[in-house]
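Trainee: What follows is each chain in one-letter form.
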Amino acid sequence: MVDVDRDDAAPPEGADAPDVPLLRMEGIVKHFPGAKALDGVDLDVLPGEVHCLLGQNGAGKSTLIKVLAGAHQPTSGRIVLDGEEIAIPHPVAALRHGVATIYQELDVVDGLTVAENVFLGHELDRGGFTQRREAIRSTREMLRRLGHPEISPHREVGRLSAAGKQIVSMARALSHDARVIVMDEPSAVLDAGEVQNLFRVVRGLTAQGVAVVYISHRLEEIRQIGDRITVLKNGRTVGRDLPAATTPTAELIRLMTGRNVEYAFPTRPGVPEDAPVVLDVEDLALAGTFEDVSFQVRAGEIVGLAGLVGAGRSEILETLYGARRRTAGSVAVKGRRLRSGSVDAAVAAGIGLCPEERKSQGLVLDEPVYRNITLSTFARIARGGWLDERAERAAAREQVAALDLRPAGVDRAARTLSGGNQQKALLGRWLVHGCDVLLLDEPTRGVDVGARSELYALVRRLADAGTAVVVVSSEIPEVLGLADHVLVVSEGRVVHRAPAQDIDEHRVLDLVMEGTVA
Amino acid sequence: MSTQVDASPAAESRSSWLSGPAGRTVGLVVALVLLAVVGVITGGERFASLDNVMTILRLASVTGVLAIGMTFVITAGGIDLSVGSVLGLATVWASTLATQTMAEDLHWTVMVLTGLAVGTAAGLINGLIIAYGKVVAFIATLAMMIAARGLAEMISGRQTQVVQVDGFLDFVRADFIGVPVLVWMFVVVAVAGWFLFNRTTFGRRTVAVGGNAEASRLAGIKVQRHLLYVYGLSGLTAGIAGVMMLGRTTAGTSTNGLYYELEVIAAVVVGGTLLIGGRGTIVGTVIGVLIFAMLTNVFTINNLSISAQNVAKGVIIVVAVLIQQRFAARSTST
Ligand SMILES: Nc1ncnc2c1ncn2[C@@H]1O[C@H](COP(=O)(O)OP(=O)(O)OP(=O)(O)O)[C@@H](O)[C@H]1O
Ligand SMILES: [Mg+2]
Chain A
1 MVDVDRDDAA
11 PPEGADAPDV
21 PLLRMEGIVK
31 HFPGAKALDG
41 VDLDVLPGEV
51 HCLLGQNGAG
61 KSTLIKVLAG
71 AHQPTSGRIV
81 LDGEEIAIPH
91 PVAALRHGVA
101 TIYQELDVVD
111 GLTVAENVFL
121 GHELDRGGFT
131 QRREAIRSTR
141 EMLRRLGHPE
151 ISPHREVGRL
161 SAAGKQIVSM
171 ARALSHDARV
181 IVMDEPSAVL
191 DAGEVQNLFR
201 VVRGLTAQGV
211 AVVYISHRLE
221 EIRQIGDRIT
231 VLKNGRTVGR
241 DLPAATTPTA
251 ELIRLMTGRN
261 VEYAFPTRPG
271 VPEDAPVVLD
281 VEDLALAGTF
291 EDVSFQVRAG
301 EIVGLAGLVG
311 AGRSEILETL
321 YGARRRTAGS
331 VAVKGRRLRS
341 GSVDAAVAAG
351 IGLCPEERKS
361 QGLVLDEPVY
371 RNITLSTFAR
381 IARGGWLDER
391 AERAAAREQV
401 AALDLRPAGV
411 DRAARTLSGG
421 NQQKALLGRW
431 LVHGCDVLLL
441 DEPTRGVDVG
451 ARSELYALVR
461 RLADAGTAVV
471 VVSSEIPEVL
481 GLADHVLVVS
491 EGRVVHRAPA
501 QDIDEHRVLD
511 LVMEGTVA
Chain H
1 MSTQVDASPA
11 AESRSSWLSG
21 PAGRTVGLVV
31 ALVLLAVVGV
41 ITGGERFASL
51 DNVMTILRLA
61 SVTGVLAIGM
71 TFVITAGGID
81 LSVGSVLGLA
91 TVWASTLATQ
101 TMAEDLHWTV
111 MVLTGLAVGT
121 AAGLINGLII
131 AYGKVVAFIA
141 TLAMMIAARG
151 LAEMISGRQT
161 QVVQVDGFLD
171 FVRADFIGVP
181 VLVWMFVVVA
191 VAGWFLFNRT
201 TFGRRTVAVG
211 GNAEASRLAG
221 IKVQRHLLYV
231 YGLSGLTAGI
241 AGVMMLGRTT
251 AGTSTNGLYY
261 ELEVIAAVVV
271 GGTLLIGGRG
281 TIVGTVIGVL
291 IFAMLTNVFT
301 INNLSISAQN
311 VAKGVIIVVA
321 VLIQQRFAAR
331 STST
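Chain order of the listed sequences is A and H.
Residue numbers are given in the UniProt record's numbering: position 182 of the first sequence equals residue 182, and the series is strictly consecutive.
Residue numbers are given in the UniProt record's numbering: position 155 of the second sequence equals residue 155, and the series is strictly consecutive.
Isolated chain A, as found in the complex (with noise of 0.2 Å):
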């Protein structure tokens, strides 16, 4: 057994430079109304390292660096930068450290340009007034070393993709000069090309010596950019100063579970051929946005729509549920068209969508967990007009069982969860709605990796129960593991259909970029 709980003492006299910690968090408690986020955190990160903290959700990461960015106060614990303590009272302070932080859920405001955004403040001025043009101009160029020149620093950030919004939080972080820069969860949002852009940037920046704290639920990633990991587990670091590279991944989940979680995917059981049709997608177009989209999905099938951010995935999604208006085109669920433009329409029909975003398009924030569950069937569950409060808790604590949705209270607000969790709470939704159609879009943005395959194979068994399954996801791996037939989509079109068996990870790629080209 290794010893990952050992405690470290402070590091000896006269040790290398290299190993003089930038930044050190000691013993962080931090306690909310009824929950305790952090119970005895420690954290330390070197010049120029790329340092990885890992946990299940809920484990306490976001609140640990927002402890950090000095949005939370903690309860107790201690903060040393650069060999001094510091005390981090407001986000002001924290930046003033030269600590910046990239918030695992965006946080841009979308009236504003991409320029006001990134300035955000900070606004360049000299004698009070705004520096625009050098706004500007420096917005452009920290876009272009994130790899988007084509984002117009003029342009209005409401009107961006969630990948588009990720970007500009980015530059806002890159434009402070930070000496430390926290990342929470920045891939979730993006797709393969663009998560090696962000690498790109990170190693620029640790060249210089910056120390990036990067967090995220794709080990992979991890693998390739990170040097050491820390890991949380229910509010405690359980293993510290972990090889990025080299720690064996049933190691690192054994430490964020405590238990021994198979990564895999379920196994397929192939669709019967007289499978009932049930989703029926004809010619579907979105002006402007995809066209000629057709395709069908079996009762017990699921369907993967593979590409780039910024393909229409979301949008395909989003049209045959009827949340925007087709241009053309039919969506018909079990032989029947559906009206265009009407969730409603959709809902009845029994088609059910877990959204991107889901702070602005999924959960209603300040309510309780369990009306966020029943939010689709609090009609249904009560009578006559009259809500049944007793019964939605039940259904929704069932769900919470079953999806191991944790803290497993209904009665707490969503926006205590943490972002994986609301993920859960989402999907839960519509299992208790129950689909004949189920849309899935990013199921598994932010979901840690012991959950992600119970995810799977929850997906997989309400399949198997009969229900039509599309799943988008940028994680390729994800579209060809979990789904039996894949759509390959690109600047809004499909340009290649196949069983996911006979595709892999480079076509896939491959394809993707020829349509780019193309």
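Hints are computed from structural coordinates only; laboratory data are not their basis.
The structure displayed is predicted, hence computed values, not measured ones.
Incorrect hints may have been included.
Stated by the list, open to error - Straight-line alpha carbon distances no greater than 20 Å define the calculated EDC-like cross-link-like pairs of lysine to aspartate or glutamate that follow:
1) A:334 / A:280
2) H:222 / A:344
3) A:165 / A:191
4) A:359 / A:105
5) A:165 / A:123
6) A:334 / A:274
7) A:359 / A:411
8) A:165 / H:214
9) A:359 / H:214
Stated by the list, open to error - Stretches of chain A that chain H covers, calculated by requiring three or more beta carbons in the stretch to come under 8 Å of a beta carbon on chain H:
10) 353 to 360
11) 363 to 375
Using N, Cα and C, we set each Cβ at its ideal position, and we do this for glycine too.
With chain A held as given, fit chain H with the ligands onto it using these hints.
Mentor: Below, chain H with the ligands without anything else, positioned relative to chain A:
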């Protein structure tokens, strides 16, 4: 494991009781009691008499009914600036010569039904323009506020229309178990509003739509239709309040309900309903209305000017909202 989250049901209910709605309500009740103490100290017998209590309640009942409808609108993420004008229009329309003649011929409830119909119609027009025309609620109801007042002036010719239908007057000016019918009407509307808000799918939709309209839409809630109903409901309460006003003043004039929307919105917000939507409380609204009515009463008893009253009301609004933000901050994050 057990160290992470204290998720036992007991702990959950304890923390949510202190920082939740009940905690805020306790704060409001304390404020109301303090105000009553001030009233007793400064006004003595004149304040503490049963008669005066009824006066306060009668004062509170008209704005109170408006405030119940407004609670739904604000919780749904909207605002209704037109309630005062619609109230005025309802009093005028329900007391025209034509309506009164018809009421004499048929039944006095014709006046009541006219008031309710006028209010509901105005509310539904607001709702149509806001939900389907996608006009910002502030603008749409501002327009209605101006137009309804204008219409009321046109119909009445700026004359005061005295109510002469005895059946109507006998009903609204009566007492029931020692309490004025007006107050009973407020009680009925408030209780019905409480059930509608807290116990029905209508109330749940209102909170969900106000909390996150897009998420509600994607969950299959008919957001536009619901907003139509919510504004219709606000119009209905304006109609009810109009009928009550007609009973209290025995006259319909186009100036009835002038500036009521401001006091109503203030009472709702002081009561703890979030102006940005997504959270509301009927109990809070009722207490908010009582606070304002009692304040007016205390000032009147002490012969203080309306101007001084308004200054005090302004201060109360700010203080109440400041206190609420403390509570709100404690119950959500940090
Ligand atoms: N404002 C809050 N009030 C109450 N509890 C909170 C609040 N914010 C977070 N928590 C709780 O603190 C714990 C840690 O949450 P945190 O968001 O730090 O997890 P995480 O490790 O970032 O998870 P994920 O991988 O899902 O993002 C969770 O149990 C969460 O429910
Ligand atoms: Mg997190």
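Trainee: Now, for every hint given, state plainly whether the structure supports it.
Mentor: Now for the hints, and whether the structure bears them out:
With a C-alpha separation of about 8 Å, the suggested pair residue 334 (chain A) and residue 280 (chain A) falls inside the 20 Å cut-off, and the hint holds. Using a Cα cut-off of 20 Å, the hinted pair residue 222 (chain H) and residue 344 (chain A) holds, with the two alpha carbons roughly 7 Å apart. Pair hint residue 165 (chain A) plus residue 191 (chain A) holds up; C-alpha atoms about 14 Å apart against a cutoff of 20 Å. Our distance criterion of 20 Å between C-alpha atoms is met by residue 359 (chain A) and residue 105 (chain A), whose separation comes to about 8 Å.
For a cut-off of 20 Å, the pair hint linking residue 165 (chain A) to residue 123 (chain A) stands: about 19 Å separates their Cα positions. With a C-alpha separation of about 14 Å, the suggested pair residue 334 (chain A) and residue 274 (chain A) falls inside the 20 Å cut-off, and the hint holds. Under the criterion of a C-alpha separation no larger than 20 Å, the hint pairing residue 359 (chain A) with residue 411 (chain A) is consistent with the structure, at around 18 Å. For a cut-off of 20 Å, the pair hint linking residue 165 (chain A) to residue 214 (chain H) stands: about 18 Å separates their Cα positions.
For a cut-off of 20 Å, the pair hint linking residue 359 (chain A) to residue 214 (chain H) stands: about 10 Å separates their Cα positions. With 3 residues having a beta carbon nearer than 8 Å to a beta carbon of chain H, the region 353 to 360 of chain A meets the requirement of three or more and the stated coverage holds. Counting residues of the region 363 to 375 of chain A whose beta carbon lies closer than 8 Å to any beta carbon of chain H gives 7, which reaches the threshold of three, so the coverage claim holds.
Hint check: no violations occur; every hint is consistent with the structure.
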